[in-house]
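Peer 1: Sequence:
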Amino acid sequence: MEKRIINKVVEGLKHLYDAEVDVKQVQIQKTRKEFDGDLTVVVFPFLRASKKSPEQTAEDLGGFIQSNIDEVIAFNVVKGFLNFSISSDYWLGVFNQIALTENYGHQKSSGKTVMVEYCSPNTNKPLHLGHLRNNFLGYSVANILKANGHKVVKTQIINDRGIHICKSMIAWQKLGEGETPESSGLKGDHLVGKYYVAFDKEYKAEIQELIDGGMEKAEAEKEAPIFKEAQVMLRKWEDGDEEVKALWQKMNTWVYDGFEVSFKTMGVDFDELYYESDTYLLGKGVVAEGLAKKEFYQKEDGSVWADLSDTKLDDKILLRSDGTSVYMTQDIGTAIERYKKHEDLSGLIYTVGNEQNHHFKVLFTILKKLGYAWAEECYHLSYGMIELPDGKMKSREGTVVDADELMEMIVADAKAMTQERGHLEGMSETEKEELYSTIGLGGLKYFLLKVDPKKGMIFNPAESIDLNGNTGPFIQYAHARIQSLLKKAESLGFSKEYDTVEMNAKEQELIKLVNDYPSVIKEAGKLYSPAIVSNYVFDLVKEFNNFYQTVDILREEDQQKLAFRLCLSQTIAKVIKSSMMLLGVKVPDKM
RNA sequence: GGCUCCGUAGUUCAACUGGAUAGAAUGGCAGAUUUCGGCUCUGCUGGUUGGGGGUUCGAAUCCCUCCGGGGUCACCA
Numbered sequence: 001m002e003k004r005i006i007n008k009v010v011e012g013l014k015h016l017y018d019a020e021v022d023v024k025q026v027q028i029q030k031t032r033k034e035f036d037g038d039l040t041v042v043v044f045p046f047l048r049a050s051k052k053s054p055e056q057t058a059e060d061l062g063g064f065i066q067s068n069i070d071e072v073i074a075f076n077v078v079k080g081f082l083n084f085s086i087s088s089d090y091w092l093g094v095f096n097q098i099a100l101t102e103n104y105g106h107q108k109s110s111g112k113t114v115m116v117e118y119c120s121p122n123t124n125k126p127l128h129l130g131h132l133r134n135n136f137l138g139y140s141v142a143n144i145l146k147a148n149g150h151k152v153v154k155t156q157i158i159n160d161r162g163i164h165i166c167k168s169m170i171a172w173q174k175l176g177e178g179e180t181p182e183s184s185g186l187k188g189d190h191l192v193g194k195y196y197v198a199f200d201k202e203y204k205a206e207i208q209e210l211i212d213g214g215m216e217k218a219e220a221e222k223e224a225p226i227f228k229e230a231q232v233m234l235r236k237w238e239d240g241d242e243e244v245k246a247l248w249q250k251m252n253t254w255v256y257d258g259f260e261v262s263f264k265t266m267g268v269d270f271d272e273l274y275y276e277s278d279t280y281l282l283g284k285g286v287v288a289e290g291l292a293k294k295e296f297y298q299k300e301d302g303s304v305w306a307d308l309s310d311t312k313l314d315d316k317i318l319l320r321s322d323g324t325s326v327y328m329t330q331d332i333g334t335a336i337e338r339y340k341k342h343e344d345l346s347g348l349i350y351t352v353g354n355e356q357n358h359h360f361k362v363l364f365t366i367l368k369k370l371g372y373a374w375a376e377e378c379y380h381l382s383y384g385m386i387e388l389p390d391g392k393m394k395s396r397e398g399t400v401v402d403a404d405e406l407m408e409m410i411v412a413d414a415k416a417m418t419q420e421r422g423h424l425e426g427m428s429e430t431e432k433e434e435l436y437s438t439i440g441l442g443g444l445k446y447f448l449l450k451v452d453p454k455k456g457m458i459f460n461p462a463e464s465i466d467l468n469g470n471t472g473p474f475i476q477y478a479h480a481r482i483q484s485l486l487k488k489a490e491s492l493g494f495s496k497e498y499d500t501v502e503m504n505a506k507e508q509e510l511i512k513l514v515n516d517y518p519s520v521i522k523e524a525g526k527l528y529s530p531a532i533v534s535n536y537v538f539d540l541v542k543e544f545n546n547f548y549q550t551v552d553i554l555r556e557e558d559q560q561k562l563a564f565r566l567c568l569s570q571t572i573a574k575v576i577k578s579s580m581m582l583l584g585v586k587v588p589d590k591m
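Using this note's numbering, the letters of the first sequence map in sequence onto residues 1 to 591.
Hints listed in this document are in silico derivations from the structure and should not be mistaken for laboratory results. Treat each hint with caution, since some may be false.
Heads up, simulated EDC-like pairs for lysine to aspartate or glutamate below, C-alpha to C-alpha not over 16 Å straight-line [stated by the list, open to error]: (1) Lys361 to Asp315; (2) Lys264 to Glu408; (3) Lys369 to Asp307; (4) Lys112 to Glu377; (5) Lys151 to Asp344; (6) Lys415 to Asp466; (7) Lys284 to Glu337; (8) Lys590 to Glu420; (9) Lys590 to Glu431; (10) Lys368 to Glu295; (11) Lys415 to Glu429; (12) Lys574 to Asp539; (13) Lys112 to Asp344; (14) Lys512 to Asp89; (15) Lys204 to Glu216; (16) Lys204 to Glu221; (17) Lys245 to Glu276; (18) Lys146 to Glu523; (19) Lys512 to Asp36; (20) Lys228 to Glu202; (21) Lys33 to Glu543; (22) Lys217 to Glu206; (23) Lys512 to Glu2.
Quick caveat, the model's predicted, so the values are computed rather than measured.
Start from the sequences, fold in the hints, and give me the full structure.
Peer 2: This is the structure we're talking about:
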């Protein structure tokens, strides 16, 4: 319908004023609620062509379009805004079509493959609140891209080597007394994290000791014995020392087992894993090639740099003077590797916090410099930091929120809340437990995803599982209630078949919203933003609650209307469920 | 210091990417309903969009400047 109106606007301008206007100049939008009508055209851009006042231009154009499109039954003009009303028959037709559509809103296959990287943890400590936002975001964006018809490869690169791992290792070796996940009952990643903390404690104590002995702080930080031991261990690892490698392997395995449990709770998964220990040498060859092609330059000390002055970025080091690589080198190599491995790849999404905005800008610039055209398709899905209501989350100050603990806590809260007022009769214990986690984790996910990824946000755990407001459980509740309604209708023997029906304003409003769903999916895909989906589904639910409250369904006497309302409710439930699936949030039938 | 992102009701977030009188939620106040399933629904309250200037039919949105806050700029990862 939008397209038809746009075309008629162009035609009308030609007919009325003999003016040539490009289709792109026609702005069409949904009519705001406070005005009459369904669709609105802004006429200001055409004033030059019409040489008339905005009101007159709109009147002319409105008349032309009403008489040329049957479904346009009325128009009105407010200032320079031309509002059209579309017949309710048209909307009913739209709805009937939607009700029949399988997988409504999902786009046809694009033939494209997109890779989404998210999570990418270090293996020296457990996951925290920031990782939750990262995982939920990456997973949801992957779903959204699938709904846009793309093939998606979910991946993560595991940071399994480096000085930070050695810190945990050395501390465990010195203080661990052979402690294992089995012997301690600790989850593997938490056990390793415990020794990372132990390292830090010991390290600080040693620094203090050296300072007390009269050493400068900066020097003490380098000279602390435990730190030196970690460095020695890293060198041994790089030299392939068997004992070190074995310890490294053992502790990493503990961590992976722990992560696996966390991922399962979060409801995320991956198609392809990369390990930094395999990839950290990648990219050196490419840098050498780039140097030969004079894309990069070498300093006298032998270090290799990329000159980025033409893009207003500082020069970036790619190889140290001793020939070893830096993070950037590895990222260059890994990106190229991924494109080699997946011939049909056309997009690489990096879900990484906004503290690395600069890094990715540089990475993409260098890839372009090296002549990889696909660098244009790479995207840094950057997200802001999460703060807690009572202050910032800083690992240094020990206010990090552990992901496992948080999820456990929120599910426990959901349990308490649901037991108090839930409809749990007839559910088995396992079904109940599943429901608690659906509500708790659903609330958590929804809360973290409803905010524009780019922005920082304040996370309020209590609010996230509130049954009121813009929350996951509020939406889940609406879905459960519709299911209950449909079930009741079925048991009463009501039909969902109707021929034709006269709609009221609320029903028409709902159809218009449902009709937006496909464009919401497209928009969310284009902007890589689950927030667009959550805002949409919240609006839909609010509108439905309004309808549910004010319009009789099962008590309606007109069988046609009753059937239509059931069908409408059912379709809305489907859209709610589908939207929430895009966010990675389950919706229960009972709660 | 250079670069960069941000600043919107008391609070948490929106605003179709330059469109109408800046909207929701929450909080507070007043009411409706007591069921198809409860915390559902309606109304009221609340704003100099950080300040100032500019661009134009039109600015929260674009440009400049100042104020305030984050991030980044390592032969770290």
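Peer 1: Does each hint hold? Answer for all of them.
Peer 2: Consistency of the hints with the structure:
With a CA separation close to 12 Å, the supplied pair Lys361 and Asp315 stays within the 16 Å bound. Restraint check: the Cα-Cα separation between Lys264 and Glu408 comes to about 13 Å, which is no more than 16 Å; the hinted pair holds. For the hint linking Lys369 to Asp307, the alpha-carbon distance of about 10 Å falls within 16 Å, and the restraint holds. Between Lys112 and Glu377 the CA atoms are separated by roughly 12 Å; this keeps the pair inside 16 Å, and the hint holds.
The hinted pair formed by Lys151 and Asp344 meets the criterion: a straight-line CA distance of about 10 Å does not exceed 16 Å. A hinted pair counts as satisfied when its Cα atoms are at most 16 Å apart, and Lys415 with Asp466 qualifies at roughly 12 Å. The suggested pairing of Lys284 with Glu337 holds, with an alpha-carbon distance near 12 Å, which does not exceed 16 Å. For a cut-off of 16 Å, the pair hint linking Lys590 to Glu420 stands: about 14 Å separates their Cα positions.
Distance check on the hinted pair: Lys590 and Glu431 sit about 10 Å apart at the alpha-carbon level, within 16 Å; holds. For the hint linking Lys368 to Glu295, the alpha-carbon distance of about 11 Å falls within 16 Å, and the restraint holds. For the hint pairing Lys415 with Glu429, the CA-to-CA distance comes to about 12 Å; that is within 16 Å, so the pair holds. A threshold of 16 Å between alpha carbons decides the hint, and for Lys574 with Asp539 the separation of about 15 Å falls inside it, so the pair holds.
Simply put, Lys112 and Asp344 have alpha-carbon atoms about 7 Å apart, close enough for the 16 Å limit, and the pair holds. Between Lys512 and Asp89, the direct Cα distance comes to roughly 13 Å. Compliance with the 16 Å bound is thereby established for this hinted pair. With a CA separation close to 14 Å, the supplied pair Lys204 and Glu216 stays within the 16 Å bound. Pair hint Lys204 plus Glu221 holds up; C-alpha atoms about 8 Å apart against a cutoff of 16 Å.
Straight-line distance between C-alpha atoms of Lys245 and Glu276 comes to about 14 Å, which keeps the hinted pair within the 16 Å bound. Distance check on the hinted pair: Lys146 and Glu523 sit about 13 Å apart at the alpha-carbon level, within 16 Å; holds. Only pairs whose Cα atoms come within 16 Å are accepted, and Lys512 paired with Asp36 is accepted, the gap being roughly 14 Å. Simply put, Lys228 and Glu202 have alpha-carbon atoms about 13 Å apart, close enough for the 16 Å limit, and the pair holds.
Only pairs whose Cα atoms come within 16 Å are accepted, and Lys33 paired with Glu543 is accepted, the gap being roughly 12 Å. Between the alpha carbons of Lys217 and Glu206 the distance comes to roughly 11 Å, so the proposed pair stays at or under 16 Å and holds. Taken as a hint, the Lys512 and Glu2 pair is honoured in the structure, with Cα atoms around 13 Å apart against an allowance of 16 Å.
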